[in-house]
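Listed in order, the protein sequences are those of chains Y and X. Under my numbering, the first sequence has 197 at position 197, and the numbering climbs by one with no breaks. Under my numbering, the second sequence has 1367 at position 367, and the numbering climbs by one with no breaks.
Just so you know, the hints here were simulated from the structure itself, not pulled from any lab data. Heads up, the beta-carbon is just placed ideally off N, CA and C, and yes, glycines get one too. The reader is advised that the hints may include incorrect statements.
In the SDA-like style, the derived pairs of lysine to any residue whose C-alpha atoms are separated by at most 25 Å in a straight line are [to be verified]:
no. : chain 1 : residue 1 : chain 2 : residue 2
1   : X       : Lys1447   : Y       : Arg24
2   : X       : Lys1387   : Y       : Arg24
3   : X       : Lys1069   : Y       : Ala376
4   : Y       : Lys387    : Y       : Ala356
5   : Y       : Lys29     : Y       : Ile443
6   : X       : Lys1387   : Y       : Gly225
7   : X       : Lys1069   : X       : Gln1136
8   : Y       : Lys69     : X       : Lys1029
9   : X       : Lys1447   : X       : Arg1369
10  : X       : Lys1029   : Y       : Glu450
11  : Y       : Lys69     : Y       : Leu124
12  : Y       : Lys69     : X       : Pro1378
13  : X       : Lys1447   : Y       : Pro26
14  : X       : Lys1069   : Y       : Pro26
One side only, chain X facing chain Y, incomplete, derived with CB under 8 Å [claimed, not checked]:
no. : residue
15  : Ala1012
16  : Leu1177
17  : Val1300
18  : Ala1301
19  : Asn1309
20  : Met1335
21  : Cys1338
22  : Tyr1372
23  : Ile1407
24  : Trp1415
If you want the ones that stay clear, here's a sample from chain Y, every Cβ over 12 Å from chain X, calculated [what the hints assert, rightly or not]:
no. : residue
25  : Pro57
26  : Lys69
27  : Arg313
There are 2 protein chains.
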Amino acid sequence: MTERLLIVGGDAGGMSAAATARRRVPTDKLEIVAFERGSYTSYAACGLPYFVADMVPSADRLVARSPEKFRAQGIDARTGHDVVEIDLERRALRVRDTDAGTESWEPFDQLLVATGATPLRPPLPGVDAGGVHGIQTIGDGIALRSQIDTGEATRAVVVGGGYIGLEMAEAMVRRGLSVALVEMAAQPMGTLDPDIGALVADALRAMGVSVHLGTAVEGFETDAGGNVTGVATTAGTLPADVVVLGLGVRPNASLAADAGIAVGVTGGIVTDRRMATSAEGVWAAGDCVETYHRVSRRPVAIALGTHANKQGRVVGVNATGGYLAFPGVIGTAVMKVCEYEVARTGLTEREASAAAFSSVAATIDGSTRAHYYPGATPITVKVVAEKMTGRLLGAQIIGREGAAKRIDVIAAAIWNEMTAEELSQLDLGYAPPFSPVWDPVLIAARKAAEAVTDAGTTG
Amino acid sequence: MTERLLIVGGDAGGMSAAATARRRVPTDKLEIVAFERGSYTSYAACGLPYFVADMVPSADRLVARSPEKFRAQGIDARTGHDVVEIDLERRALRVRDTDAGTESWEPFDQLLVATGATPLRPPLPGVDAGGVHGIQTIGDGIALRSQIDTGEATRAVVVGGGYIGLEMAEAMVRRGLSVALVEMAAQPMGTLDPDIGALVADALRAMGVSVHLGTAVEGFETDAGGNVTGVATTAGTLPADVVVLGLGVRPNASLAADAGIAVGVTGGIVTDRRMATSAEGVWAAGDCVETYHRVSRRPVAIALGTHANKQGRVVGVNATGGYLAFPGVIGTAVMKVCEYEVARTGLTEREASAAAFSSVAATIDGSTRAHYYPGATPITVKVVAEKMTGRLLGAQIIGREGAAKRIDVIAAAIWNEMTAEELSQLDLGYAPPFSPVWDPVLIAARKAAEAVTDAGTTG
């Protein structure tokens, strides 16, 4: 008998599950159908800023695998198919074929909900004006780029100073636009501590971005044709031909919630370690779920392709009789904005405090290479550790080439509950083109260890 | 009463100990004297290839801290002072002032032996000819560079295909010389498995180096003036105006051994975890010691500035009443040769077998960045894991920009005895400029995990 696995959503998480399941079970034992509302499967939304920046010539380059390729591999990927209802009693999906305008019921034995995330869109006057762009789908990216390609837009305003906001600011600087960034908080990148966030603000200004912190958007001014002309803020109106909304996303869990599947405090679908939801035979993966933060021990919803892919693989194994657990996350993130690289992992000081940790922190200025090696650039590394135990809680990095991915070794150390002192002794790769004899990560760890104890035992 | 800590050797390990001890104990409680045979303290021997390549304009740039600076900090650094005997009974050093030609006895309460490593110099005919250079001290580097600066040398032969040999080959390619490399083994970089070593050989050839593997040097041919004209090998004579001996080093433990201090099977001074030698009140650090390999559980002698610095810090703490242990090493190393980056950590397949591990390995070809992001380059990652448990044993990487330092996260995983499957789920930094959505490290770990089990449990 052929089982039927249906997948709601054709993004990275859903398609990673499909591919894993397909490798494990042949077509005659398991039918796999994925329904994607849009026109693309397995696309990299995180690549959109580079498409807008014209660093990636065509949107097709962002598609890892087309529906045709999936079908050739025995995965029935149906684009233009919008799942409008999950009926758990009936064990079927109600699916709307958006081209044909028809609806049908599709029965399933197992179901994967991979509905992704929904961008935040403030309910402000003028938010639907021409020239005001979200930046979530490939369609959004094409619309924005088309407007820039006309050459008529010269003034851009980015609303929101998070990852996507900063990446879009860079993209439009690269396209020659004059760019202003508006952020309600006192710093860009709320996922960093204020001291490191201030360095990011400096970097943005060095790129020529006009940075407006502590500034709220009140609305969007338009011309007679309904096109945006400015962004009204608490600090006055910023003229704009093009506006990008980079306010972040929330888990798109409404379809699951409507079916009675449990949704957590973060707004994401609740799963167990195998990515099983509260409903029998229903899995969830990707930006629509909440997951376990290994340091705070709290649920978090973090929209990131790498988690979606890993979770999809976990579902692909578990839905086909295997066992694989998703171990949770520690909030690692990296970002490039022009020549600056920014990274974080674990908890910031603020987050550590919110999770009831008593912590110490050390921030050092180092070099990415031996001081005498050409191209050595400054790097700032901040390490947060638990006060009495020295256990590593988090780290933040800002620098230039070769800075950001250094976060990975700290992530591995945090993952393994190492102390700052233990990290400071780790056997990391050393050669002058890559590192000073004390890698900046090791120096920061040592300084954090010194902050933990008052000398005596650790020097 | 003022105690007296004497240090034999002014290299990184010795001076790191001096600086740490100085920070912990004031001058009136502890006198610190370091004796260095040469003219420089705290210099970076690993920077010599870049000085020869003219990427570093002056040898002074390789000196982290001069004797004057140490003296200003209360550390009596005496260059041109050769320690010729350790008398443990008398608790004193016999020291020759090489400029004055005098000798004196210097009493100590505690002693640190940081005598470094001695380059291997084959006892072959002509090895002392003009134009045949070792490359260990700043003096060696100055001599070699001076010869190249004359512009008269056009043909270079590098003897030995290890780290220093390859770095010197690059240096001389950069200086416009025609470079041949002679290596007795069937591959360059004996610290890599043959499959990865073969990729290094390809990279060398791509740089224009003439690579002679499985070739032994039999002697050096000279002209009437005693200058080298060629290198006689088992594969014929290679013409040469300049020859660099890059045959590696062995621990320089003879001074300690002569004093009756225990030396181990590797030829390095034996220490406990606090870097104490077999003699009461005598410490050792740096390239002259052997240390503990955390994966093979065997003693190893690895000459590397980063270990020397860490060990020096450990001695600086322990010699001043603190407690700090050196946790051992796992053989992490990185190297850049022209645009190629090479890295290793843990055990190779060969080394794993020698340490009685039954292992599996997986090698993957990936990309340093998202496939659509400009500047993405190929990277090869090999992961070695224990057969039944999946425990990570080692890894090797070859690629271009952004490849080598990825070894650090695998090093941290090996250090913490993670399995390949656990590494494959690690929360590493992801953004298109830095990594595909599956970092090549994660892919290699996943493939190794798949090699460990025959699916079923891990997919």
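So, going through the hints one by one against the coordinates:
1. In summary, the hint linking X/Lys1447 to Y/Arg24 is supported, as the alpha carbons are separated by about 15 Å, within the 25 Å threshold.
2. A threshold of 25 Å between alpha carbons decides the hint, and for X/Lys1387 with Y/Arg24 the separation of about 22 Å falls inside it, so the pair holds.
3. For the hint linking X/Lys1069 to Y/Ala376, the alpha-carbon distance of about 23 Å falls within 25 Å, and the restraint holds.
4. Distance hint between Y/Lys387 and Y/Ala356 is fulfilled; the C-alpha atoms sit about 12 Å from each other, no more than 25 Å.
5. Proximity of Y/Lys29 to Y/Ile443 is assessed by CA-CA distance (about 55 Å); at most 25 Å being required, the pair is judged violated.
6. About 68 Å separates the Cα atoms of X/Lys1387 and Y/Gly225, which puts this hinted pair outside 25 Å; it is violated.
7. Using a Cα cut-off of 25 Å, the hinted pair X/Lys1069 and X/Gln1136 holds, with the two alpha carbons roughly 23 Å apart.
8. Proximity of Y/Lys69 to X/Lys1029 is assessed by CA-CA distance (about 75 Å); at most 25 Å being required, the pair is judged violated.
9. A C-alpha spacing of about 19 Å is found between X/Lys1447 and X/Arg1369, which places the hinted pair at or below 25 Å, so the restraint holds.
10. For a cut-off of 25 Å, the pair hint linking X/Lys1029 to Y/Glu450 stands: about 22 Å separates their Cα positions.
11. Straight-line distance between C-alpha atoms of Y/Lys69 and Y/Leu124 comes to about 42 Å, which puts the hinted pair past the 25 Å bound.
12. Our distance criterion of 25 Å between C-alpha atoms is met by Y/Lys69 and X/Pro1378, whose separation comes to about 23 Å.
13. Of the pairs offered as hints, the one joining X/Lys1447 and Y/Pro26 holds, with about 21 Å between alpha carbons and a cut-off of 25 Å not exceeded.
14. Of the pairs offered as hints, the one joining X/Lys1069 and Y/Pro26 is violated, with about 71 Å between alpha carbons and a cut-off of 25 Å exceeded.
15. Checking X/Ala1012 against chain Y: minimum C-beta separation of about 6 Å stays under 8 Å; hint holds.
16. Nearest Cβ of chain Y to the Cβ of X/Leu1177: about 20 Å, over the 8 Å cut. The hint is violated.
17. The beta carbon of X/Val1300 comes no nearer than 11 Å to any beta carbon in chain Y, farther than 8 Å, and the hint placing it at the interface is violated.
18. Restraint check, X/Ala1301 versus chain Y: the minimum CB separation of about 15 Å is more than 8 Å; hint violated.
19. For the restraint placing X/Asn1309 at the interface with chain Y, the shortest Cβ-Cβ distance is roughly 5 Å, inside the 8 Å limit, so the hint holds.
20. Look at X/Met1335: its Cβ gets to within about 6 Å of chain Y, closer than 8 Å, so that hint holds up.
21. Against a cut-off of 8 Å between C-beta atoms, the interface hint on X/Cys1338 is violated, since the closest Cβ of chain Y lies about 11 Å away.
22. Satisfaction of the interface hint for X/Tyr1372 is found here, the shortest Cβ-Cβ separation to chain Y being roughly 4 Å, below the 8 Å cut-off.
23. Checking X/Ile1407 against chain Y: minimum C-beta separation of about 5 Å stays under 8 Å; hint holds.
24. At a threshold of 8 Å, the smallest CB-CB gap from X/Trp1415 to chain Y is about 6 Å, leaving the interface hint in force.
25. Chain X draws Y/Pro57 into its interface by the beta-carbon criterion, the shortest separation being 9 Å against a cut-off of 12 Å.
26. The Cβ of Y/Lys69 sits about 14 Å from the closest Cβ of chain X, beyond the 12 Å cut-off, so the non-interface label holds.
27. Residue placement check: Y/Arg313 does not keep its beta carbon more than 12 Å from all beta carbons of chain X (closest about 7 Å).
Of the numbered hints stated above, those contradicted by the structure are hints 5, 6, 8, 11, 14, 16, 17, 18, 21, 25, 27, listed in ascending order.
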